[in-house]
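Number of protein chains: 2
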Amino acid sequence: MPGLHVLPVGGIGEIRPGAALGPLILDACRDQDTPLLDGDCLVVTQKIVSKAEGRLVPLDHADFAARAELIATETVRVLRRREELLITETRHGFVCANAGVDLSNVDEGYAALLPVDSDRSAHRIRNSIQAAAGVAVGVVVSDTFGRAWRHGLTDVAIGVAGIAAVVDLRGGTDDRGQELRVTEVAVADEIASAAELVMGKASGIPVAIVRGLDAEWFGEGSYRDLIRPADQDLFR
Amino acid sequence: MPGLHVLPVGGIGEIRPGAALGPLILDACRDQDTPLLDGDCLVVTQKIVSKAEGRLVPLDHADFAARAELIATETVRVLRRREELLITETRHGFVCANAGVDLSNVDEGYAALLPVDSDRSAHRIRNSIQAAAGVAVGVVVSDTFGRAWRHGLTDVAIGVAGIAAVVDLRGGTDDRGQELRVTEVAVADEIASAAELVMGKASGIPVAIVRGLDAEWFGEGSYRDLIRPADQDLFR
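If you read the sequences in order, they're chains A and B. Just so you know, the first sequence maps onto residues 1 to 236 in this note's numbering. Just so you know, the second sequence maps onto residues 1001 to 1236 in this note's numbering.
Treat the hints with care, since some could be wrong.
Quick partial rundown of chain A residues pointing at chain B, CB under 7 Å, derived from the structure [as the list claims (entries may be wrong)]:
#  : residue
1  : L7
2  : P8
3  : I12
4  : T75
5  : V78
6  : R80
7  : V166
8  : V185
9  : E190
10 : A194
11 : F218
12 : E220
13 : S222
14 : L226
What the hints contain is simulated information worked out from the structure, not anything from laboratory work. Every residue gets a Cβ at the ideal spot worked out from N, C-alpha and C, and that includes glycine.
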């Protein structure tokens, strides 16, 4: 059947600091009879990447002052504040709640921070899979962010390797032959969102395979391509 | 294979005002040997919905004053303005560029406006498919919007029928047994984004089938669920 397949990958188990995610994901894919293929794109949730990279820090979840301090260390700028909620810009340039400091899906007494360089995290997974199994996959590291104006959270890309983050269709023509104006599509964000539909929040599915993407999208990419430059951002 | 399938639906042809989208989509799905099944979710781009509903208005694309006037009629509030770009709130409550007035993929001399009530548009498609073929599908009407802070466009839902727009997981527990705080997931937006990955901008694919979604998501929904109330929106 043509089109796209989005396959959940379970059975990866609890991730400890130092865990080698690439081999773990490879094994999990094989164990469930969905071995990785050239041209697949893996979506890996930030939570297991942060855990593998030791980005867990001790935090008493009830200690709001300590939490605020931790958020401050991850923040370069506060855009808005309302009660306990901070909308912040992280060192990467992401605008999100509480600088991505996350208390869910981690042990009581800990908080998970965003990866320091989530492109590097994605490249590490991609390279180890290539080395171990000889398959060339794209990798998207995903996280769950809120948006301005729209209610509800969606998953977006916070790191990519081997796949474009934004596909630039400027200068093409639409199906009536007219020139397209603005059609830079954030495919990495759309890939992260598609994967979230098979992950859920509490289902123990931290990885998905997205199979059947346009071959032309595979190549160089960076989360930086997904950050609107501050001087072009009317809402920063 | 488990997981999600996202199937492009082509061969729908040019849509004229008054066209019955439901039967046209049904036929196109059958013609390409992907007949609709109970529990499928159809994603239908705004462009063909607007065309079928006669939401095309004459506009000289080079006449910027006329274009500004047209945008003004579709706008309840201007949030930001930079050169020719207006970030506006539409009558529906959507925040998007130029009130959704679109010059691409329409005949020279015309502009496409957003559907007046895109939930109603979605219901009309859903009901006519149910009546003609006896299958119960969800319908998402999608459009391509920009975002604050993030570069690149993504497809989002501007109308839904028979499927939730936002799935509320508040009060559940994560996979470590801890209570989840905020996990209202905008599944309709994620479904629209997943569909966009097989549509592209210039590919003549105005419809996609998303197959394999969680059965619990099917039910009542509205685009209104996707609009962050102004008094809770820190960026409006």
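Outcome of the hint check:
1. L7: Interface hint status for L7 of chain A: holds (4 Å vs cutoff 7 Å).
2. P8: 6 Å, holds
3. I12: 11 Å, violated
4. T75: Constraint on T75 of chain A not satisfied, violated at 14 Å.
5. V78: Result: violated, 11 Å to nearest chain B Cβ.
6. R80: R80 of chain A check passes; min Cβ-Cβ to chain B is 4 Å, inside 7 Å.
7. V166: This interface hint holds because 4 Å falls under the 7 Å limit.
8. V185: 6 Å, holds
9. E190: 4 Å, holds
10. A194: 4 Å, holds
11. F218: 13 Å, violated
12. E220: This interface hint is violated because 15 Å lies over the 7 Å limit.
13. S222: 11 Å, violated
14. L226: 5 Å, holds
The structure is inconsistent with the numbered hints 3, 4, 5, 11, 12, 13, although it conforms to all the rest.
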